[in-house]
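Using the hints, put the two standalone chains together into the complex.
Residue numbers (the working numbering), protein chains in the order written: chain A, 1 to 64; chain B, 1 to 683.
Any given hint could turn out to be false.
Covered stretches of chain B, as calculated for chain A (at least 3 residues, CB under 8 Å) [said to hold, decoys possible]:
id: 1; stretch: 5 to 17
id: 2; stretch: 356 to 362
Derived coverage of chain A by chain B (criterion: at least 3 residues anywhere in the stretch with Cβ under 8 Å from a Cβ of chain B; other residues may be distant) [to be verified]:
id: 3; stretch: 36 to 47
id: 4; stretch: 50 to 62
Bear in mind the hints are in silico, worked out from the structure with no lab data behind them.
Cβ atoms here follow ideal geometry from the backbone N, Cα and C, with glycine treated the same way.
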Amino acid sequence: MNPRPGTLLTRAWRALRQLSGDDAYERYLAHQREAHPHEPQLDRRAFYEREQERRFSSGPTRCC
Amino acid sequence: MHKGLKALIWIGIAVLGAAALGGIALNRGESINAVWFVVAAACVYLIATRFYAGWIAARVMTLDGTRATPAERLNNGRDFVPTHRWIVFGHHFAAIAGAGPLVGPTLAAQFGYLPGTLWLLVGAVLGGCVQDMMVMFCSVRRDGRSLGQMARDELGRVGGSAALIGTLAICIILIAVLGLVVVKAMTRSPWSSFTVFATIPIAILVGIYMRNIRPGRVLEGSAIGVGLLLLSVAGGGWVDSHPAWRAAFDFDSETLAFFVIAYGFIAAILPVWLLLAPRDYLSTFVKLGTVLLLAVAIGLLGPEIRMPALTRFVDGTGPIFSGQLFPFLFITLACGAISGFHALVSSGTTPKLIARETDIRLIGYGSMALESLVGVMALVAACVLDPGVYFAINTAAGVVGADPATATATITSWGFPVTADQMQALARAMGEETLFARTGGAPSLAVGMASIFGSAFGDGLLAMWYHFAIMFEAVFILTTLDAGTRVARFIMQDALGTLWRPLGECSWYPSVLLSSLLVVGAWGYFLYIGVIDPNGGINILWPLFGIANQLLAAIALTVVTAVLVRSGKLRYAWVTAAPLAWLVVVTSTASLQKLTSDDPRIGFFAAAADMAAKLAAGALPPERAAVAPQLIFNQQLDGWLTAMFLVLVWIIVLDMVRGCYVHLRKRRAPLDTETPYVPTQLA
Numbered sequence: 001m002n003p004r005p006g007t008l009l010t011r012a013w014r015a016l017r018q019l020s021g022d023d024a025y026e027r028y029l030a031h032q033r034e035a036h037p038h039e040p041q042l043d044r045r046a047f048y049e050r051e052q053e054r055r056f057s058s059g060p061t062r063c064c
Numbered sequence: 001m002h003k004g005l006k007a008l009i010w011i012g013i014a015v016l017g018a019a020a021l022g023g024i025a026l027n028r029g030e031s032i033n034a035v036w037f038v039v040a041a042a043c044v045y046l047i048a049t050r051f052y053a054g055w056i057a058a059r060v061m062t063l064d065g066t067r068a069t070p071a072e073r074l075n076n077g078r079d080f081v082p083t084h085r086w087i088v089f090g091h092h093f094a095a096i097a098g099a100g101p102l103v104g105p106t107l108a109a110q111f112g113y114l115p116g117t118l119w120l121l122v123g124a125v126l127g128g129c130v131q132d133m134m135v136m137f138c139s140v141r142r143d144g145r146s147l148g149q150m151a152r153d154e155l156g157r158v159g160g161s162a163a164l165i166g167t168l169a170i171c172i173i174l175i176a177v178l179g180l181v182v183v184k185a186m187t188r189s190p191w192s193s194f195t196v197f198a199t200i201p202i203a204i205l206v207g208i209y210m211r212n213i214r215p216g217r218v219l220e221g222s223a224i225g226v227g228l229l230l231l232s233v234a235g236g237g238w239v240d241s242h243p244a245w246r247a248a249f250d251f252d253s254e255t256l257a258f259f260v261i262a263y264g265f266i267a268a269i270l271p272v273w274l275l276l277a278p279r280d281y282l283s284t285f286v287k288l289g290t291v292l293l294l295a296v297a298i299g300l301l302g303p304e305i306r307m308p309a310l311t312r313f314v315d316g317t318g319p320i321f322s323g324q325l326f327p328f329l330f331i332t333l334a335c336g337a338i339s340g341f342h343a344l345v346s347s348g349t350t351p352k353l354i355a356r357e358t359d360i361r362l363i364g365y366g367s368m369a370l371e372s373l374v375g376v377m378a379l380v381a382a383c384v385l386d387p388g389v390y391f392a393i394n395t396a397a398g399v400v401g402a403d404p405a406t407a408t409a410t411i412t413s414w415g416f417p418v419t420a421d422q423m424q425a426l427a428r429a430m431g432e433e434t435l436f437a438r439t440g441g442a443p444s445l446a447v448g449m450a451s452i453f454g455s456a457f458g459d460g461l462l463a464m465w466y467h468f469a470i471m472f473e474a475v476f477i478l479t480t481l482d483a484g485t486r487v488a489r490f491i492m493q494d495a496l497g498t499l500w501r502p503l504g505e506c507s508w509y510p511s512v513l514l515s516s517l518l519v520v521g522a523w524g525y526f527l528y529i530g531v532i533d534p535n536g537g538i539n540i541l542w543p544l545f546g547i548a549n550q551l552l553a554a555i556a557l558t559v560v561t562a563v564l565v566r567s568g569k570l571r572y573a574w575v576t577a578a579p580l581a582w583l584v585v586v587t588s589t590a591s592l593q594k595l596t597s598d599d600p601r602i603g604f605f606a607a608a609a610d611m612a613a614k615l616a617a618g619a620l621p622p623e624r625a626a627v628a629p630q631l632i633f634n635q636q637l638d639g640w641l642t643a644m645f646l647v648l649v650w651i652i653v654l655d656m657v658r659g660c661y662v663h664l665r666k667r668r669a670p671l672d673t674e675t676p677y678v679p680t681q682l683a
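Excised from the complex, chain B in its bound form (with noise of 0.2 Å):
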């Protein structure tokens, strides 16, 4: 393209975001309509992409497009195969998009649309989007190794050990908080639990499709399966008109979280092929085809924002979860911004298929940019809902009452008017019981998107559209569940592994059932104690959630800074050491007020000293005092992770800077340990 033309189009989004900006912030005390979030966010990323990204990419990792990469050298056909970037582009986006960045930015919004806005857009621009982009830089120069490898090559034992330690943590943490959002999206609702339920059978049904009837016609299976999908939201509808199939389908939170632990353990036994690998391609479409229409519905529709920009919550006393603004904003929001997951993915998969190193720039920064925006869009869909009403679908019973009529007080008391008949006809239109304390961010958000939908697509479908979104999330949380469950095994095996050999063998069977019950032990008590929490058990699982991701962030920003500064680059490692610092300052007080805050709403140890005393008092109601001990030992327990998270991050952290002043004091020559040149032959 011409130069000119090219300037000129970059001075246009210039220009077009800056308005888009002016316009937010001008319009401060009056209604702003969503289309300004979504167009400057849009603007902010396209910027970013092209020219920080551009300049790390020039400056700091010295891209080199004729530098052969491990697609090219390796190249075997599977993993390793030189891909044009936009497919890769895809794979990658569409393995790191999960509920985090759609569940993250609702539970924030109780701020406020303001501070999720902004720390969705630094935080990308200057941490998330750079760390994707720098680790999967390393990995493509050292044969694309993952990132535990290069951990221990890097860092040395410690480092290899923690980063396998945070991997571990976090899948169970995930899976459990991911877990309590399904289970709690479907609680007491029919429709939904039998939409959820058909999931299940379908995926069964393509997986077999795809193997046995027409073996590997992937497109054709999940045409299939996305169509009896949509049958099966239907279905639901059709299940909660009849009072016998709705009796069948109607289930507390507590079975509920018992069918979700026993189907977790047996997808993870199953074979790929059955399961797992048809769920997989059925959500990854039902994702991507879904945030498309939600960004096509706000383009069209051009919703307002109805919620303040700033709440009077960023006090810390916020009925969703609690904390200040500062650092609790940053751990809520975790993925949306800086996830140290992606890590994992960029190490993983996508850098045996980058064709031309060159490439990097947009699949690593660009995806990561791209899935923030997918955020933004969240967050419009929580803001675009009247704040009464937000809060009533998303505060727990435990806080606000059971009662509609105290509920609906206690929210309006706190400056966001809502009432008990607005709620009842809310919850009939979206075809519900009830949408009082549906906590987890799922139904809050799919009745969200329900309102842009239905008034962008026609506003009779409303209760289709809701339980559309529900099966939206519930189908590729559960693909996260399956997955997450996988890789968590298969560390655990490898842990076992060092205590008794055999164990270590991924495909025997005893090592798979055992490896398989711990794991799926593990992340189904942290589920069922969040189900029998009367708070809502998001409260205290997804800030545990949170720090557990941005410490695997940590220890990925961690790696890449020490191949900085030991490969001679000191005077650029500030692009990941300023993130960096950022996050183990951000972790280390959320950790730290978790752990010796004597808010019972924030520290976990003073809320199991409250509920002791509380208990010994006999001041508890009888259904309360029944799971107290339960919930004090759990308080105890998420305390004690909390502090282990916490001194992990700093043994890293420290250990780094050791090496890399021991690196410097002895003026060392710059460490290579990238694969050496290769020229391509790719024309």
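Isolated chain A (complex conformation) (with noise of 0.2 Å):
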């Protein structure tokens, strides 16, 4: 949520990984450590399988 400090360059390369997903096997990683400390990670395949799944199988995604 929270940008951290950087230059305008970093920062929009930030915002690029996250709007076209590059970085969500982070995301997913952080939010696992944070919430779910306990529980077994999916390594960078299965994740990526399983969110792609995920994102055409609930709902319009793409529209006219």
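As structure tokens, this is what we get:
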């Protein structure tokens, strides 16, 4: 949520990564560490597969 | 920011917008620069987002920044995640931006530039943006529930089922019409066919990269993919210049339609990561990049508008689609002004990401305003073409004749001079065999964009720009086709599950196959009929799509109006009730005309009767007589479909009015269907 201080360029890069979902795995790890520290974590590939499946099975993602 | 400075900025925007609009108004009869359209529209949307949406946020929705959103309360690190508002804005805009606001305005330009521009502005400000924002608000206050669930909760089973049927119908018609747009763009164009086909292996390659080689590295994969897509545009040019390769990619419409249908089925049963997900990433980047490029190019180049403000076709004799300005302008523009489909996204993934209630104004209202601005740019791209050229590209051979001399003579006789030589030179510059009767809107938009890009960034690459624009449209149309088939499949599986339980299991393979087959078969049928129709098919399918889309918008507005009335906000209910009333009038008039008009160019049943009479009298040429029975059946089917849409709209609206009336008459206490207030912990 709170953008850490940085130059304009690094902030833009961070926004682009978040917008595209490039940093989704890192955010997942951070969330797991905080919310469920004792649960096993998915590896990169398993997480990516599960996320893509979820993204396109929870209602319309793209419009006319 | 200092309060006075803020006020000064808003006054500046208002003055700039007024000046731009004034420029358009005062320049009647002279040529107008397209920049004024974009500037005027942008100012109108900015002011509406700041003030009208601000008023709705404060008074109607009473957004509360201290109230925890579902993203915060239900944060699971996956779909419920509090996210910065500009990131959510980007996500939401990418999700709602599609081919509709590009194709609709292109077709609507047959009435001239004025009606389309005005309705894009007015419709979005008072209707479409309000719908998107209100649905999003209702969903955020209800744990991110979907439109279907809210329709069931607020309107009961009738409304819930109607929403489901509406969604299914719109998906099927939408996919068919978009499929037709792609097919028409690739017909007899080896360059376009090669480029569009190449997007499939490119997407698969990127899919494998993102899952197996560098799992989850979306940006790397997308960068490689976009690079390959640009190469495929250049590669198409190479294919086009080699006779043997040229022949291998030279297809007629029917073959291409079968390719698209087969592709749609295979894509629907493949794992998401292999084709759909990577294609979605690529299309999003290409889409956002191209829209930005178009805005920059219009700004740099400042092309002149050549289309008159109004054409003679407002009387209903339009060659691209038939019917008078009212109601068919509103049905045709659909997506750029009010799109029912957006209500599904606004109550889908987006509300689960919103960190603070007060962000809803920017995300809900602002995204749609930007989408409408894209529609204005598409309209500009159509109106910078020579009107004669515009009509020659977009009018079907069945209307003006297949022979270039006849076609140009007919179009010139309408008062839009064009010559066969001019069309030939243009086709050669764009790297195409011919540009006559390239219906569907995509080729005309691509010619418009190529002229704008060409003039702004160098004229030598016109053919490259043209095929880049075709690739840009095809990539996200095919994404919508994939994603839409999947959405329709889930609804279908849900419905089949009530007949026999195992069929309702989303991952049971026989159920996946059966429901995919049914969905693809349904849109494939409409696509095939559209392709064999000598009048271009788009003339029938686009109004049908428009009616279905406006029907879904009517359902969404009905749900939020019911929420407003029953939660004790009767005096603000006009905010959604007024656009709803307008939609009901428009869809009812359009449906009734489509059902009862005696003019075979407008009425479905009249067209069926007319063709049957001609067939019986032997007045049809043999190639038309061969397909006539199918076309007659299809006209009747479309008629019944339209009747169903009309009945659905009225059932839902009357059901809502009855519910609200009972609630008000019995003086019941305001109904609270929101999740209870929890204070936010976010700083």
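Status of each hint after checking the structure:
Taking a C-beta to C-beta cut-off of 8 Å, the stretch 5 to 17 of chain B contributes 0 residues in contact with chain A, too few for the three needed, and the coverage statement is violated. Figure legend: the stretch 356 to 362 of chain B, annotated as covered by chain A; annotation inconsistent (0 residues with Cβ-Cβ distances under 8 Å, at least 3 required). Only residues whose C-beta sits within less than 8 Å of a C-beta in chain B count toward coverage, and the stretch 36 to 47 of chain A has 4 of them, enough to reach three; the restraint holds. With 12 residues having a beta carbon nearer than 8 Å to a beta carbon of chain B, the stretch 50 to 62 of chain A meets the requirement of three or more and the stated coverage holds.
Hints 1 and 2, counting from the list given before, are not met by this structure.
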